[in-house]
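Here is how the chains run, residue by residue.
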Amino acid sequence: MSELKFTEDHEWIRLEDDGTATVGITDYAQEQLGDVVYVELPEVGRELGKDDEVAVVESVKAAGEIKMPLSGTVLSINESLEDEPETVNADPEGNGWFMTISVNNPEEVDTLMDDSAYNEFLGGL
Amino acid sequence: MINNNTDKPSQLKKTPLYDLHCEQGARMVPFAGYEMPVSYPLGIKQEHLHCRTQAGLFDISHMGQIRLQGKQAVSVLESLIPSKISDLQTGQQKYSVLSNDRGGILDDIMVTNMGDHLLLVVNAACKHEDVEYLQSMMRDMSNEDCQLEFLQDKALMALQGPAAASVLEEFSPETARLHFMQGGAFNIRDIPCVINRCGYTGEDGFEISIPVGRAEDLARLLLKNDKVRMIGLGARDTLRLEAGFCLYGHDIGPETSPVEAAIEWIIADKTNKSSCPGAEIIWQQLASGVTRRRVGLMMQGKVPLREGMDVLDDSGQLAGCITSGGFSPTLGKPIAMAYIKSEFANTGSQLQVNIRNKNYQVETVALPFVKHRYHRSN
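As they're listed, the protein sequences go chains F and X. Here this note's numbering is used: the first residue of the first sequence is 10, the next is one more, and so on. Here this note's numbering is used: the first residue of the second sequence is 4, the next is one more, and so on.
Only chain F is shown next, with the shape it has when bound in the complex (with noise of 0.2 Å):
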């Protein structure tokens, strides 16, 4: 399992062994959302390119899009959140995972922000 990957819309991506990548929203970003009510997921087989939108997640206040950080296929969704989406704001970069996708131009992942990266990102802002 690597280290997590960021993106400037306040997704993070975690790449994982077998070549997939699992994707979620940053601890800032459900903190800047409030109480997430409402996580609307793509359906799985889903082919998108990056940055097409892929899921919208809606807090109390405000409705945020969520695109695709890479290109590639949704493999599996985070069902529990259709029940459970104050998970998001309890557990955003656990629990809160969104989807897994497959990686289909490896060369995107240069394109991400690693930690530290997003770290000044963040305090630029």
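These are calculated hints, taken from the structure and not from any lab test. Some hints here could point you the wrong way.
Stated by the list, open to error - Okay, the calculated beta carbon distance ranges per label pair:
no., chain 1, residue 1, chain 2, residue 2, range
1, F, 40, X, 257, 36 to 44 Å
2, F, 60, X, 276, 58 to 66 Å
3, F, 12, X, 56, 53 to 61 Å
As the list claims (entries may be wrong) - With a cut-off of at most 25 Å between alpha-carbon atoms, the simulated PhoX-like pairs for lysine-lysine come out as follows:
no., chain 1, residue 1, chain 2, residue 2
4, X, 87, X, 276
5, X, 227, X, 17
6, X, 361, F, 70
7, F, 70, X, 336
8, F, 70, X, 16
9, X, 305, F, 76
10, F, 76, X, 374
11, X, 361, X, 344
12, X, 74, X, 276
13, X, 305, X, 227
14, X, 157, X, 16
15, X, 17, F, 70
16, X, 305, X, 336
17, X, 361, X, 336
18, X, 97, X, 74
19, F, 76, F, 59
20, X, 87, X, 97
21, X, 273, X, 344
22, X, 344, X, 97
23, F, 70, X, 305
24, X, 157, X, 97
25, X, 97, X, 361
26, F, 59, X, 361
27, X, 374, F, 70
28, X, 87, X, 74
29, X, 97, X, 336
30, X, 305, X, 361
Positions of the beta carbon are idealized from the N, C-alpha and C atoms, including for glycine.
Since the structure of chain F is already known, use the hints to place chain X on it.
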């Protein structure tokens, strides 16, 4: 993913409780020209539930407070609203609207008869226009004895929730005599206040007008009681939505009449037309009905209903539009208010809302979503 508001903080005004908000860890956002707390570390959902179970303290100092004084203050105001003020006794409060000549709403207002003057509380975003409008109308009625004072030296806070009365009585026992929609001058310790038993949450509670220089003292005093927590604008919005109250600029505005907004109960005498702007249209609507009405919407499922979403009938034709929507922390499900064609405005109509290319079944329901719990007389 997250929209950051680009208004420059330097152009925004601060309320007298600004330092307290920051100290409490509030997330500050631009609202009606002010830097206001949208939420505190507790979060909107828990703040909301705290207010429903204990007591919430809201800074609403951005709202406008206007004093109308003089022999004709009552008749001047009464000529601008569809409600009667002349029957409002000293110490009584009333909700009404400033109407425009199309029967629409310039602002919704609270009016208290303070004995020797009227005290108006108006919306933050409308307050400067309201003052200008009232002054211009008074100039047109130049022989009338009526003076206006814009009370910019007063802060306003709301204490709301089932514990609000016991908390306030601890510092000002005399407030126990107030019932819902009553108000007057009181001291809280040595601080002179005007207190009205009213609010925007559906709970029992008070709105407290206080000199700007003493606002922070009062807030800190009230916060000493463990039952009291600061509540931000985020929860203020979800609380008022559950209570079925209109938010100006969303659920009511210049293009909606009091009858369409389903607040025609503000019109005491439905047979005798008032002389307010647009009275012809408003009383015509009272007599022969309207083509659309504000109603509540509820749905199964958890997708939040949001402002701006279209509401469709069974054949996919437009039946109305959502003007306020969100997630109800009390009910644990989405709720919304919408203007719906009158033929569907009765309780129990089955309609659809299209969210991201998927149709969801919604049902029209009576307002409020959560029962009001006021301290009424008898």
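Verification of the supplied hints:
1. 40(F) / 257(X): 36 to 44 Å: Given about 38 Å between the Cβ atoms, the range holds.
2. 60(F) / 276(X): 58 to 66 Å: 59 Å, holds
3. 12(F) / 56(X): 53 to 61 Å: Given range 53 to 61 Å: violated, Cβ gap about 42 Å.
4. 87(X) / 276(X): This hinted pair holds, its Cα atoms lying about 11 Å apart.
5. 227(X) / 17(X): Holds, because 23 Å separates the two Cα atoms, which is no more than 25 Å.
6. 361(X) / 70(F): At roughly 21 Å apart (the allowed maximum being 25 Å), residue 70(F) and residue 361(X) satisfy the hint.
7. 70(F) / 336(X): Measuring from Cα to Cα gives roughly 13 Å; hence the hint holds.
8. 70(F) / 16(X): Holds: residue 70(F) and residue 16(X) sit about 23 Å apart, inside 25 Å.
9. 305(X) / 76(F): 21 Å, holds
10. 76(F) / 374(X): 40 Å, violated
11. 361(X) / 344(X): 22 Å, holds
12. 74(X) / 276(X): 23 Å, holds
13. 305(X) / 227(X): Between residue 305(X) and residue 227(X) the Cα gap is close to 37 Å, so the pair fails against 25 Å, i.e. violated.
14. 157(X) / 16(X): 15 Å, holds
15. 17(X) / 70(F): Holds, at roughly 23 Å.
16. 305(X) / 336(X): 6 Å, holds
17. 361(X) / 336(X): 18 Å, holds
18. 97(X) / 74(X): Roughly 19 Å between the alpha carbons, so the hint for residue 97(X) and residue 74(X) holds.
19. 76(F) / 59(F): With Cα atoms ~7 Å apart, residue 76(F) and residue 59(F) stay inside 25 Å; holds.
20. 87(X) / 97(X): 9 Å, holds
21. 273(X) / 344(X): The given pair, whose Cα atoms are some 23 Å apart, holds under the 25 Å limit.
22. 344(X) / 97(X): 29 Å, violated
23. 70(F) / 305(X): With Cα atoms ~14 Å apart, residue 70(F) and residue 305(X) stay inside 25 Å; holds.
24. 157(X) / 97(X): 20 Å, holds
25. 97(X) / 361(X): Violated, at roughly 43 Å.
26. 59(F) / 361(X): Judged against 25 Å, a Cα distance of about 24 Å means the pair holds.
27. 374(X) / 70(F): 22 Å, holds
28. 87(X) / 74(X): 16 Å, holds
29. 97(X) / 336(X): Not satisfied, since the Cα-Cα distance of roughly 32 Å exceeds 25 Å.
30. 305(X) / 361(X): Cα-Cα ~14 Å, so holds.
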